[in-house]
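Participant: Note that the protein sequences, when read in sequence, are chains A and B. As numbered in this note's numbering, residues 513 to 745 make up the first sequence, in order. As numbered in this note's numbering, residues 513 to 745 make up the second sequence, in order.
Hints should not be assumed to be uniformly reliable.
[Claimed, not checked] Here are a few chain B residues that face chain A, going by a calculated C-beta distance under 8 Å:
1) L605
2) I607
3) M611
4) S666
5) L699
6) V702
[Stated by the list, open to error] On the chain B side, residues computed to face chain A include the following (Cβ under 10 Å):
7) I567
8) P571
9) G574
10) I682
To be clear, the hints were calculated from the coordinates, so they are not data collected in a lab. Think of the CB as a built atom: it goes at the ideal place given N, C-alpha and C, for glycine as much as any other residue.
Number of protein chains: 2
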Amino acid sequence: MNANYNNINVIGFDADDTLWVNETYFRAAEQEFAKLLTQFETPNKIDQELYKMEIKNLPLYGYGVKGFILSMVEMALKLSNNTVSSSTIEKILDIGKTMINKSVELLDGVEDALKQLSKKYKLIVATKGDLLDQERKLEKSGLLKYFHHIEVLSDKKAINYKKLLSHLDIKPEVFLMVGNSLKSDILPLVEIGSKAIHIPFHTTWQHETVSENSVSTSDYLTLKTIKDISRYL
Amino acid sequence: MNANYNNINVIGFDADDTLWVNETYFRAAEQEFAKLLTQFETPNKIDQELYKMEIKNLPLYGYGVKGFILSMVEMALKLSNNTVSSSTIEKILDIGKTMINKSVELLDGVEDALKQLSKKYKLIVATKGDLLDQERKLEKSGLLKYFHHIEVLSDKKAINYKKLLSHLDIKPEVFLMVGNSLKSDILPLVEIGSKAIHIPFHTTWQHETVSENSVSTSDYLTLKTIKDISRYL
């Protein structure tokens, strides 16, 4: 296995749910949202409809917490047939602000792993979401010092990674990406000839899931924790 | 005057109100917004209050259209003392979506100027706002082919420009920035030892204005139109 990684000299890390907890807060926000609208629909149905609304709005708002808040507001109007109260809308805005102000909770072993890897490799962050929100989380995380470059991408398809690597003058074959999303952090990298290590998080947003048989597991490595990366490098 | 620009080999352009119309659409949106809330306050007061709300939310939401929509929603709730109707909130979301979907209207002479300058200089875009929104506008503008690099910044202070130039391996003294905002496109560049050309747009967002006596006009050049840049280079 070691042989595979001999060429690597730059390691990219996804941020949300790879370096710190994120999806958990979205799930909690969705639950709060469903509770606010309990008079109009069942929590399950609200969840499904909110997801559809987010996907519908994705081309417009992109990834990140601001688009999520706007979709919750729109969903509340729609589900209630425009009868929802102003104070409920206010509470939805507050859910969003609370998410933005949340402290950053690092995943287990992250800081040690970065400290160690940064001695031998150039480390970068490649994340999607709201620009300011991601920059702020990195600032709060205390991890900025380990990274040579931070890139917030509007999407994480093969073409986006290709542009990023070419811009940073990194050859795909010397690049290893580490992340929790098969769809966004792993498959596009395999496609462009980079290496990838998948570290699943216990919660995955529906939009980020892919059918398991669409990928061959020999193309990338799956690990339980970021602590195990150094064993393979 | 020419001597000043002999060292320049990279030119940075602001995007909104430098390459294309933007502030005009925000002003129109604010007018529509005021019309929706006419039963609660005078248009003038609504304008002032919305501006205060945007500034209050800036540290949270950052620059760009999504934060603007969220601030309009919050303002509607506040101004109406939580009595605003759901259909008004719906109309506010629509104002935002219309802004996002607006076609891009290039300012006079932009394409010719870029075509000509790109033959001799490396051109980049340095803009702030929502990541996806700015990328989409560049795509729609048809101008992407003239630029070597696009950077969407969460803010445009001296430190942000310093980081950008260092990341792109550009020395401050060979960099010229062109933009409509003294505060964001000109003064920070003068501060870091780059050159700057100010091309005012007829409308400036209050937040971007600076008192004229805080700057010495010998530090940068002011031109009426982007067409005039080549005369000085």
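Participant: Compare the structure with each hint and give your call.
Facilitator: Structure-based check of each hint:
{"no.": "1", "hint": "L605", "result": "6 Å, holds"}
{"no.": "2", "hint": "I607", "result": "12 Å, violated"}
{"no.": "3", "hint": "M611", "result": "10 Å, violated"}
{"no.": "4", "hint": "S666", "result": "4 Å, holds"}
{"no.": "5", "hint": "L699", "result": "21 Å, violated"}
{"no.": "6", "hint": "V702", "result": "25 Å, violated"}
{"no.": "7", "hint": "I567", "result": "15 Å, violated"}
{"no.": "8", "hint": "P571", "result": "9 Å, holds"}
{"no.": "9", "hint": "G574", "result": "3 Å, holds"}
{"no.": "10", "hint": "I682", "result": "13 Å, violated"}
Going down the numbered hints, you'll see the structure goes against 2, 3, 5, 6, 7 and 10, while the others check out.
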